[in-house]
Every structure is written in C-alpha cells, then in structure tokens.
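For the protein sequence lines, the chains are A and B, in the order given. Sequential numbering of the first sequence, starting at 101, is according to our numbering. Sequential numbering of the second sequence, starting at 305, is according to our numbering.
Calculated from the structure, these hints are not laboratory results. For every residue, glycine included, the Cβ atom is placed at its ideal position computed from N, Cα and C. Warning: the hint list may mix true and false statements.
Stated by the list, open to error - If you want a taste of the chain B side facing chain A, the calculated C-beta under 8 Å gives, among others:
no., residue
1, Arg312
2, Pro316
3, Arg325
4, Tyr326
5, Leu327
Stated by the list, open to error - Here are the simulated distance ranges between beta carbons:
no., chain 1, residue 1, chain 2, residue 2, range
6, A, Asn170, B, Pro315, 43 to 51 Å
7, A, Glu211, B, Leu327, 49 to 57 Å
8, A, Ile330, B, Gly403, 56 to 64 Å
9, B, Met350, A, Glu120, 54 to 62 Å
Claimed, not checked - A short list of chain B residues far from chain A (calculated; beta carbon distances all over 10 Å):
no., residue
10, Leu310
11, Ile311
12, Val314
13, Leu418
14, Ala421
Now for the letters of each chain:
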Amino acid sequence: MKERLVQLDVLRYNPDTDTEAHFQRYEVMCQEEWVVLDALNKVKESIDPTLNYRWSCHMAVCGSCGMMINGEPKLSCHTFLRDYPGVIRVEPLTHFPVERDLVTAPDDFMEKLKRVKPYVIAKQKKPVEEGEYKQTPAQLMKFRQYSMCINCMLCYAACPEYGLTPHFVGPAALTLAHRYNLDSRDEGRKERMEVVATKEGVWECTFVGACSEVCPAQVDPASALQQLKIVGSIDWIVEHLLPGGKP
Amino acid sequence: MSRRPLIREVPPSTWFFRHPRYLRYMAREVTSLFVGAYCVLLVIAMQRLSAGPIAWQEFLAALRSPASLVFHLAAMAAAFYHAGTWFNATQKAMPLQLGEDFVPGAYISGAHYLVWAVLSLVVLFVAGVI
Chain A
101 MKERLVQLDV LRYNPDTDTE AHFQRYEVMC QEEWVVLDAL NKVKESIDPT LNYRWSCHMA
161 VCGSCGMMIN GEPKLSCHTF LRDYPGVIRV EPLTHFPVER DLVTAPDDFM EKLKRVKPYV
221 IAKQKKPVEE GEYKQTPAQL MKFRQYSMCI NCMLCYAACP EYGLTPHFVG PAALTLAHRY
281 NLDSRDEGRK ERMEVVATKE GVWECTFVGA CSEVCPAQVD PASALQQLKI VGSIDWIVEH
341 LLPGGKP
Chain B
305 MSRRPLIREV PPSTWFFRHP RYLRYMAREV TSLFVGAYCV LLVIAMQRLS AGPIAWQEFL
365 AALRSPASLV FHLAAMAAAF YHAGTWFNAT QKAMPLQLGE DFVPGAYISG AHYLVWAVLS
425 LVVLFVAGVI
C-alpha cells in the first residue's frame with residue numbers, strides 16, 4: 101500500500117497550563133487511503149498520547165469527530181488525506197469554546213436543541229393496543245431529508261451568524277424543529293414556533309447558506325430555515341391581519 | 305479540576321475574508337445597495353416629473369451624463385446578480401412535492417427566471433422599446 105509522510109499542524113490548548121492556543125507540528129507516515137482521523141490516531145498512538153480529540157464510529161454516522169480541517173468544518177473520519185497534498189491544519193470547531201486541544205464544549209448547542217423540542221408531540225397518546233401511528237411514504241418524504249441530521253455541529257461552525265450572535269438558535273436545532281413540524285404524527289408545531297419564529301430563532305438567519313455547504317449528511321439546513329421563515333410569516337399574517345385569525 | 309474553556313472571538317469586521325463562500329454572501333448583500341439606490345432614483349424621478357416639464361427635461365439630461373451611465377450599468381449588473389442569487393434560492397424556500405417525489409429544484413428556479421424574462425419583455429413593450 102502506498103504511504104506518505106503527512107504533516108499535521110494541530111491546534112493545542114491545555115486549560116491547566118495555557119492562556120492561548122498554539123499550533124504543534126506532527127509528522128507521521130500514513131497510508132494514502134487513510135482519513136485525517138486515522139492520522140490523528142497514529143499521532144496519539146506513536147508520538148503524543150496527550151493529544152485530545154473526540155471520535156467514535158469512524159463512519160460519518162455519530163457526528164463526534166467534527167473539526168476544522170484547513171479552515172473548513174469537516175468530519176475527520178470523512179476527510180481523506182489524498183485530498184490534502186500539503187500540510188494539513190487541524191483546529192477545533194470554530195464558534196465553540198475549546199475544552200482541550202480539539203475538544204469543544206457542545207453545551208450551548210445541546211441547550212438549544214432541547215428548546216426546540218425535537219421529538220413527536222402528541223396531544224393524546226394512543227394506547228398501545230390501538231397500534232402504531234401510520235404514515236404514508238409521501239408523508240415520510242416530506243421531512244425525511246431533515247431527519248438525517250447527526251448533530252455534528254459543523255453547520256454551527258460554518259454559520260457566521262452563530263459566531264457573531266451566539267444567542268441564535270442555529271441551523272441544526274431549527275432544522276430539527278422543522279422536521280418535527282412537518283411530521284404528520286406531530287401536534288407540537290405551536291410550541292416550537294414560540295422558539296423558532298423569534299429574533300433569536302429563524303429571523304437571525306441571513307441565509308448565508310454555509311450550513312448546507314458543509315453538512316456531511318446533505319440535510320440542507322438553509323432550506324429548512326427559509327421554509328420556516330415563510331411559515332412564520334404566514335402565521336403572523338393570519339394572527340395579526342385576518343379577523344379572528346389564529347395560526 | 306475546574307473547566308477553563310478557551311473562547312475564540314469572531315472578528316466582527318473581517319470574518320467574511322475567512323472563506324470565499326462568505327465573500328459571495330457579502331457580494332449578494334452589497335449588490336442590494338445598488339438596487340436600493342436605484343429605487344431612490346425612481347422616487348427622485350417622480351418628484352422631478354411632478355415639478356414640471358423643465359425640471360423633467362433637466363433630470364433627463366442628467367441621466368445622460370457619463371457618471372449616470374456608469375451608475376446605471378453598475379446598478380443593472382448588481383440587480384442581475386442580486387436577482388439571480390434569490391431566484392437560485394427559491395428552490396430551497398419553496399420545494400414542491402408531487403406524491404413521494406420533489407420537483408427538481410432547477411424547474412422551480414427556472415420558472416422564476418422565465419417569469420422574470422416575460423415580465424421584463426412586457427415592461428419593455430409598454431415602454432415602447434420593443
């Protein structure tokens with residue numbers, strides 16, 4: 101198998117000793133078909149066991165290994181070394197606090213995710229004896245694309261709005277709100293729109309579109325957010341301009 | 305051990321130089337200034353028209369000046385670019401589902417371009433240009 105010497109510039113930060121982050125150069129022999137995560141694993145195993153980063157599945161499903169690779173938010177398990185002939189710059193996801201090295205704190209995203217209630221809300225739960233909640237293929241296709249989110253937070257790292265105004269609920273959480281709003285089994289739209297159709301919600305989005313460009317699961321959060329703006333606008337018109345209107 | 309996470313601020317006035325996609329976004333936003341400026345010009349035209357024939361003729365003469373021609377060319381290019389970015393975006397904002405499938409996005413954006421072209425021809429026809 102073809103091998104080459106890969107140079108990685110990795111951003112390091114130790115909260116116990118550092119006040120600033122700094123780059124550290126590693127050089128490792130890697131196989132050409134490896135991904136960046138493999139190179140980091142080799143560094144940790146053979147050169148520097150103190151290097152910290154998150155990963156789990158190694159198959160672009162768990163969403164744990166998001167990092168900035170040459171300035172672009174990427175899953176490191178899905179980023180092939182063969183596409184990066186020069187020195188590879190590896191940094192933690194932007195817009196998130198750095199806990200240590202490449203490990204970021206996802207607390208803000210997790211809190212926002214909870215706020216949009218990303219689950220089916222049924223006003224009255226059916227007894228189990230009545231069987232499953234049925235859905236036609238067409239009803240499924242309406243939201244299926246948006247259910248593919250793996251919560252990797254790459255869209256938050258790409259979104260300049262989130263970086264500049266951290267109170268923005270952000271692409272992934274709003275997309276999941278839209279996913280459940282579109283679900284024929286769900287009755288929680290009104291509760292979600294109280295978070296979604298606000299300044300901090302979808303109206304903070306200025307449609308840069310970076311979220312969709314970096315999404316590794318082709319979810320297209322930008323489309324979900326623009327559709328939510330239309331839904332929110334129609335709700336407002338119905339509520340404020342139509343006599344007796346309720347969204 | 306207490307947490308002491310490193311906070312990295314986003315530079316508020318230079319962030320868009322970080323990636324070409326942000327520059328494309330800024331280009332879209334900046335072109336809206338030309339669209340806005342042309343709207344102001346139309347309002348001024350209405351005001352000049354209501355001020356009488358002499359004022360109107362003076363306004364028309366000003367429109368033929370080199371600076372005005374440069375502005376109009378720049379405004380037209382900006383309006384084309386700005387409109388194109390939004391027509392391209394319509395397929396994201398207004399997906400059309402037929403049964404289990406979605407209509408290809410190019411059809412939705414294409415329909416907008418088509419309506420734009422037809423309306424432009426109508427305007428040119430009403431104005432007596434064609």
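Hint numbers not upheld by this structure, sorted from lowest to highest: 5, 6, 7, 8, 10, 11, 12
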